[in-house]
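Using the sequences provided together with the hints, build the complete structure.
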Amino acid sequence: MMASSYNAKDEDGHITVSGPGGGTLRSKKPENTAFKQQRLPAWQPILTAGTVLPAFFIIGLLFIPIGIGLFVTSNNIKEFEVDYTGVDMSSPCFNCSQNFSWNSTKPCTCTIPFYLDQPYESNVYVYYGLSNFYQNHRRYVKSRDDSQLNGDVNSLMSPSKECEPYAFHENKPIAPCGAIANSMFNDTLELFYNDPNGTRIPIPLNTTGIAWWTDKHVKFGNPGGNNPNLTAAFQGTTKPVNWRRPVYELDADPGNNGFINEDFIVWMRTAALPTFRKLYRIINKKSSMVPTLPRGNYTLEVVYNYPVRSFEGRKRVILSTISWMGGKNPFLGIAYITVGSVCFFLGVVLLIIHHKCGNRNNSADISN
Amino acid sequence: VFCPQQEERRVRANDREYNEKFQYASNCIMTSKYNIVTFLPVNLFEQFQEVANTYFLFLLILQLIPQISSLSWFTTIVPLALVLSITAVKDATDDYFRHKSDNQVNNRQSQVLIRGSLQNEKWMNVRVGDIIKLENNQFVAADLLLLSSSEPHGLCYIETAELDGESNMKVRQSVSVTSALGDPNNLALFDGEVVCEPPNNKLDRFCGTLYWRDKKYTLTNQNMLLRGCVLRNTEACYGLVIFAGPDTKLMQNSGRTKFKRTSIDRLMNTLVLWIFGFLVCMGVILAVGNAVWEREVGSLFQSYLPWDPPVDNFLFSAFLSFWSYVIILNTVVPISLYVSVEVIRLGHSYFINWDQQMFCSQCNTPAEARTTTLNEELGQVEYIFSDKTGTLTQNIMSFNKCSINGKTYVKMYFQRLDFTPFNPLADPNFCFYDDTLLESVKVGDTHTHKFFRLLSLCHTVMSEEKSEGELFYKAQSPDEGALVTAARNFGFVFRSRTPGTITTTEMGRPVTYTLLAILDFNNIRKRMSVIVRNPEGRICLYCKGADTVLLERLHPCNQELMNITSDHLNEYAADGLRTLALAYRDLSEDEWEAWSESHRCADKAASCREDRLAAAYEQIEQDMMLLGATAIEDKLQEGVPETIAVLSLANIKIWVLTGDKQETAVNIGYSCKMLTDDMTEVFIISGHTVQSVRQELGSVCLSLNGTGGGGKQLQCPPPSPPPPPSNLMDNISGEFALVINGHSLAHALEADMETEFVSTACACKAVICCRVTPLQKAQVVELIKKHKKAVTLAIGDGANDVSMIKSAHIGVGISGQEGIQAVLASDYSFSQFRFLQRLLLVHGRWSYLRMCRFLCYFFYKNFAFTMVHFWFGFFCGFSAQTVYDQYFITLYNIVYTSLPVLAMGIFDQDVPDQRSLEYPKLYEPGQLNLLFNKREFFICIAQGIYTSVVLFFVPCAVLSNATQSTGVPLADYQTFAVTTATTLVIVVSVQIALDTGFWTVINHVFVWGSLGLYFTIMFALHSQTLFKIFPNQFHFVGSAQSTLLQPVVWLTIALATAICIVPVLAFRFLKVDLKPQLSDTVRKHTR
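Going down the list, the sequences are from chains A and B. So for the first sequence, the UniProt record's numbering puts the first residue at 1; every next one is plus one. So for the second sequence, the UniProt record's numbering puts the first residue at 1; every next one is plus one.
It is worth saying that the hints were derived from the structure and are not from the lab. Being a predicted model, the structure only gives us computed values, none of them experimental. Here a beta-carbon is modelled for each residue, glycine too, at the ideal position from N, C-alpha and C. It is possible that some hints are incorrect.
[As the list claims (entries may be wrong)] The following label-pair restraints were derived from C-beta to C-beta distances:
1. R245/A to G277/B: 52 to 58 Å
2. N194/A to F319/B: 55 to 61 Å
3. I1017/B to N194/A: 50 to 56 Å
4. L82/B to R245/A: 35 to 41 Å
5. N76/A to F953/B: 53 to 59 Å
6. S699/B to R26/A: 56 to 62 Å
7. K285/A to I1017/B: 47 to 53 Å
8. V1005/B to R39/A: 15 to 21 Å
9. G277/B to E190/A: 54 to 60 Å
10. E618/B to R26/A: 47 to 53 Å
[What the hints assert, rightly or not] Not close to chain B: a few residues of chain A, all C-beta gaps over 12 Å, as computed:
11. W43
12. K172
13. T188
14. N197
15. P204
16. R245
[Claimed, not checked] Below, in silico cross-link-like pairs of lysine to aspartate or glutamate (DMTMM-like), each with a Cα-Cα straight-line distance of 25 Å or less:
17. K161/A to D308/B
18. K1028/B to E162/A
19. K36/A to D94/B
20. K78/A to E121/A
21. K239/A to D308/B
Shown next, in the form of structure tokens:
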């Protein structure tokens, strides 16, 4: 009686909870695709003696020659280094280092003689080096305004907060602002060759080509673009507290003055470690016949402006030639030789272990 | 059921003003959590309740303090925003669909009786106290009190699949006084008042009273139509809305289930806490360093670099530096960890859902991962607790044997009986083999006739007759269906029922019995009875039930027959059949009247109604005459013995927990190869008292000891047991099995015996618990969880397994014959027991492997990345200067290194799926927790720290003196940053390449793509174009180009990579070569 009125049609849209009664007749079988069934074709590398041991030997055989090459190259590079901080009583710069402070106006000069026992053939690079100078300190690193250094006029007149406390001096904006610029290295170094017959020949030092191309041409720029009158462009700003000259008097060459002065740019590229060197000058090779710096006596004349004794810093000068891989760097070569030898040695050890007690037996090993 | 008087619900029909006083919830449901306005604040509030998110918010606030900020604010906010927005998008999508379904449900139409006429109203406008009309196949709009129906006696039929998953029809009946109110005009005048219990979530209980015309009528669940049901086989009915919307039982039941966590989750949380501790230690070390430095060096250095204004001494500076370092070093616990873990688990869940080999084509059901957070735990299961019926067996019952009046009818001939000539109403699918039974029916043996009459009357099956003779039975349990079908074939055909009658065709003659009472079945009574009056007017009680309860209630004169029948029952049970005993009792008119009165009393009782009813039933079910017994076969599911064999080879212990009797359970144990004849001994514990159980356990323990090899003796002190250490138990040689009865189990689970029970049971290879109640099932699971630090899995198909499924670490539901309650409570569901081996050995194993590899690598790469800052601290005056560019820090975890490790975490395979089924031992590392534990974690951390040392000191040593080929020194900060970052990205890419064992196209794309992306993004960020737009944001202009053009830089990168990778390679090679794991060997031979 009741059966007659029964029909199984479900009203449309009334199935909200899926249950066995509410199912449709559509097959719910999952698709048979390689992705869904986790059967994607795949490369399954295994660490076997056949792959690992050759890898060790190859690394060894690659690294050792590279290391030797690097080591030899590095050894062929000539480098001379002299510390002129003036810590010792005997040091020529002792006096300068003793009675010097930032606000001293009287320049102090000291002369350091040295002897090169072999001639420097190619271009010679002159570096100054500082030790125990924390250019990588967080507060130091961020204390600059890249907008200002890029030549932005607004930032020139209102330097970023990051520059504090070197943003304003006597209510005038500092250009360039910040602790980095304020502490710019300002010793002057001059080199003289002491001719065997006693005359001091000054060696010409090239002041350009010492900064990154992008720094010089993209990152740094003077306000007002190519306006040759930098004094006007920097009107209304003041020089950093520790500086003796304003930024627009760094160099007579307008292409190397203001923010695009290369000494300034080099300083502004902060070092990663507390002991660092920065490129100061380049001595270009004059002709292929004469060595750039012949063997003999030299004099380094330093106008000692930069105080480092207060924080036990050191200052030095480095003369170096370079190769395709840069300056003298014995560590890289030695490291390569060491790693290569260790790899080779490991390969041999592993080969022996593998032969003596390695697990090379076959399917007998698989058991449940 | 006690109905609290102080909290009750009063509803008066057709009186909206009266009902509005109580401010009952309207019928509008809202499962959605947000709307457009509240979404952002509410969602963010919820997300910041996660500790990790709050931690990153805290970091963000720290970064806004200029003196502390060592990183730009965006390094934290970009990943945080990404994570928050991914979660928010997911929540929003979920909620959108909830809104949609809410809207759709709320806008369904229903017919409401308003001021005497039927009007169409949306569901959401239906109020408590309204009378609504339902038509056939319509969903019930709210919880209704059935008032009247188009069918006789105020009956109506409902399907409750949506509510409890049972697909059979159930009957509901209105109170007799209201069933007369047939048409809307009368109903409009109905002003009865219902007083009932407050809203609750009990689907099968309702307790209330109807007051109408100064009379009281008791209301029960039988009078209720619950929301979510569908009206069937009934033209129309009227109901009074009692509970609406959120108060309905359906909505009250939709609470969230308990959130399960995996052991990896817990380990991960511990490790994250440790890492926080580590972070604080690092911070303290560096802060102390800062104090020393500022005092010794920094104070002298003030002419170049004065302290920031608020800082006036080195201690304050150290304090600030601590926080700065907390910000920098926070990347050891990257925010992306939790998101990545979720993504990987989601991927694994999809693979489970997509697996064709876990799809059952007969029932058109794919496997389903209902919980997406447990996958890797599937690879660590040690104990499986399985239900028997419907899980190991098919739960398709066939009437197999019977014993009638002491004569057993069993399978003797192989020819199937043909019933059609004898009985046109027979079910053609029915199989029976003993023709003597048919003969006995034909000759009219009284006992045989009574036997089948009982089967045709004593049940709760509903019938459906689409056309004459074409009968369909809808039974709540398959056993009942099988019995009624058997009676049908032997000539006692159940045709139809009304609440007061049962109509049958007995030997071709239609008979209508008056149904006087149904004494329901439940798990405690384990029996059901009906009391009927036959056309001749004689009253008879028919009872069927479990032999243990039924044989106790027989008339003493049955002793001899009882003995014979008991023997038969034991025989049947030994064949693994499910048995029931049948009995009847003739009642005199007086007896019936007397009992009927006491029954009515009990029925009306307001309190303890259930208990009083049970007592009344007990009273009449006495002095019965035994008729015989039935045996029903439940066939094993396909592949069960093989699956159990594979799982036990994988060192998984399987416990069967069943409600069946001992013999049946043991027999099934043998047929599914859990128990074998090779076993040294099968212990049986069936004591009824505490002492006897203790004694039996003690003797089991002794015999375990007696054969125990290696001289290690197991302590077996019967009186007061200090628990024997489980590792001693592992030394027992030989295979043992334990069978324990429900009543013994109750004693064994008591506090003083449970340790002894656990250690004994765990020493056995197989454990079968029979005659257990659902609660005991859960107790057993809890016991193992408590005493063994093992992962448990419970698998079952019925409502009685729900508690067990919920209490185990992993619950698996079999979607089968018994509704979907188990499935709804489960974490994983599929339709065949044999899919379990694939779920555990393939998906579980892979998930575990992938998750472990993922975590190892993830911690490694972040330590390698972050610890570089720590070493740099010693060279930069502990000033919290970062080594890398801030953009690199922002993007490292979310762009440069996220995808390759995700691809590994989702797609990696060490051995193909069929291999892990062939070598079940491959499953063991997961159980022993070998792939990711505290030791592995420290190895990863150590490797990460080693890498960070190399990453910092190699470039440091090389670059400090090196110059470009133009003579410009390379030791500037930006070159150093670019070199270190590039080396880091290359080293971790090489490492992921070593870790990945399964290079699909996706892995290749992600690994190479990430490297490519790194260089592309770096060149873009260092480009002149970006610098010209934001000169203050992109300080690194030109660095990438100027650095990466230097051969020295590349030589440095190669050197550092070699130093990082070569030891790992050598170590891994030695491990595979000298101590290969089974997976290594299998993998080698798979090629």
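Starting from the range 54 to 60 Å, see whether the pair G277/B and E190/A falls in it by beta-carbon distance.
With Cβ atoms ~58 Å apart, the hint holds.
Taking 50 to 56 Å as the hint, is the beta-carbon distance of I1017/B and N194/A inside that range?
Holds - the Cβ-Cβ distance for I1017/B and N194/A, about 55 Å, lies within 50 to 56 Å.
So the hint says 47 to 53 Å: do the beta-carbon atoms of E618/B and R26/A match that?
51 Å Cβ-Cβ, so the 47 to 53 Å window holds.
Interface exclusion of T188/A relative to chain B, criterion Cβ beyond 12 Å:
holds, 19 Å
The output says P204/A does not contact chain B. Does that hold with a beta carbon cutoff of 12 Å?
holds, 16 Å
Indicate whether the distance between the beta carbons of K285/A and I1017/B respects the range 47 to 53 Å.
violated, 41 Å
Satisfaction of the hinted span 15 to 21 Å by the C-beta atoms belonging to V1005/B and R39/A
Given range 15 to 21 Å: holds, Cβ gap about 18 Å.
Just to be careful, I want the Cα atoms of K36/A and D94/B compared with a cutoff of 25 Å; is the pair within it?
holds, 24 Å
Given the proposed pairing of K78/A with E121/A, does the C-alpha separation stay at or below 25 Å?
Within the cut-off at roughly 9 Å; holds.
May I ask you to check that N197/A keeps its beta-carbon over 12 Å from the closest beta-carbon of chain B?
Holds, because the least Cβ-Cβ distance between N197/A and chain B comes to about 32 Å, which exceeds 12 Å.
So does N76/A sit 53 to 59 Å from F953/B, Cβ to Cβ?
violated, 26 Å
Would the hint linking K239/A and D308/B be met if the CA-CA limit is 25 Å?
holds, 21 Å
In summary, the numbered hints that this structure violates are 4, 5, 7 and 11.
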